[in-house]
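Enquirer: Please build the complex by placing chain B on the supplied structure of chain A, with the hints as guidance.
Residue numbers (our numbering), protein chains in the order written: chain A, 1 to 114; chain B, 1 to 111.
I should point out that these hints are in silico values taken from the structure, not numbers from a laboratory.
Not one of these hints is a red herring.
Computed footprint of chain B on chain A; a stretch qualifies when at least three of its residues, placed anywhere within it, have a C-beta under 8 Å from a C-beta of chain B: (1) 43-50; (2) 89-97; (3) 105-112.
None of the values given here were measured: they were computed from a predicted structure.
For each residue, glycine too, the CB sits at the ideal point set by N, CA and C.
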Amino acid sequence: GAVVSQHPSWVICKSGTSVKIECRSLDFQATTMFWYRQFPKQSLMLMATSNEGSKATYEQGVEKDKFLINHASLTLSTLTVTSAHPEDSSFYICSRQGAYGELFFGEGSRLTVL
Amino acid sequence: RKEVEQDPGPFNVPEGATVAFNCTYSNSASQSFFWYRQDCRKEPKLLMSVYSSGNEDGRFTAQLNRASQYISLLIRDSKLSDSATYLCVVGLDNYGQNFVFGPGTRLSVLP
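Just chain A, with the same shape it has in the complex (with noise of 0.2 Å):
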């Protein structure tokens, strides 16, 4: 069954609105979870490595204050799309490792913003 659960599958807001995605880490905790982006006939790019605890570690480019991440716990994270804006339509997708180093992904969120 699934490891890594993600809320909302998709979502759909005015632009200038602030969005949520809840990813869940279901059968361990996870100290580290990812945050990814994938345009549509693109690959995943990894925006931002979600710490337990602490502040997030963005990747070059990604906007801390337009993505706000939090890791209050050792099973959710979550990223706060603000002020988005229709070229912040994508899928967003969540992540977290598993024993062997492999990464286990959520359902993904596909926002839309109108």
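Expert: For chain B alone, kept in the frame of chain A given last:
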């Protein structure tokens, strides 16, 4: 040169065919290698980890060639359900933030 490159695809093959995917990586220090499949509008799912000695799981065989810096995935007796995009993932180390995803190769298995 991109860090991880894959066959551009798409591959369209009949059921029962054998299909091979290739992936090359630029960083010779890379340590972790995986194949994932991603169905349309879904998340990637782990297909196989790739070990130095090569490994097989049913109809799927993965191989690693460190000298030439490439990994391969072979699918035998392809099924309609194998239709998906196959992603090559390479890690500089075992830390997820240092994993790089290939662009993927799309496979369509035709009846």
